[in-house]
Amino acid sequence: MKLIAALLLLTVAAAGLGGGLGIQLAKQVEDAVKQKESAAEKPAVAPRFTGPTHLKALAPIVTNLGEPSDVWIRIESSIIFDDEAIAADDVLAGEIGEDILTYLRTVSLSQIEGPSGMQHLREDLAERARIRSQDRVKELVIQTLVVE
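Here my numbering is used: the first residue of the sequence shown is 133, the next is one more, and so on.
If you're looking for bench data, these hints aren't it; they were derived computationally from the structure.
Worth double-checking, as some hints may not be accurate.
To be verified - Have a look at the derived ranges for each label pair, beta carbon to beta carbon:
1) ASP267 x LEU157: 20 to 28 Å
2) LEU187 x VAL279: 44 to 52 Å
3) GLN266 x GLU245: 29 to 37 Å
4) VAL273 x GLN243: 16 to 24 Å
Because the structure is a prediction, the values reported are computed rather than measured.
Where a beta carbon is used, it is the ideal one built from N, C-alpha and C, also for glycine.
Construct the complete structure from the given sequences, taking the supplied hints into account.
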């Protein structure tokens, strides 16, 4: 009789725990489906630049890196801006090119290796262009980058 009572107690406990686990898993699946549906309903990402924008190509820059000094880098880039006055401002483009050259001479090869290194380089150069242009340049685009 004690054996039957123990088995009955274990069966009821197992059924209760199984049911509770099933309910919890069903709730997690529902939440995941709702998140996926809400993510699909979100509107597309707004464009980064609104209004008329212009692109000005900078002169290609060739220099050696800071470390190792026998490694050379060639970069071609452009700037994106809203201000029509920058389109004719070759002096500003030259100054931004100078800043890029100066910065690249301080960079080591290990700093620009890999995707994250490339991203950091692009962000640093874009920040320098914004500072030089007093926030008239919106972005700096790296078109080609060759390290030899």
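Hints and how they fare:
no.: 1; hint: ASP267 x LEU157: 20 to 28 Å; in the structure: 52 Å, violated
no.: 2; hint: LEU187 x VAL279: 44 to 52 Å; in the structure: 24 Å, violated
no.: 3; hint: GLN266 x GLU245: 29 to 37 Å; in the structure: 32 Å, holds
no.: 4; hint: VAL273 x GLN243: 16 to 24 Å; in the structure: 20 Å, holds
Taken one by one, the earlier hints fail for this structure at numbers 1 and 2, listed in ascending order.
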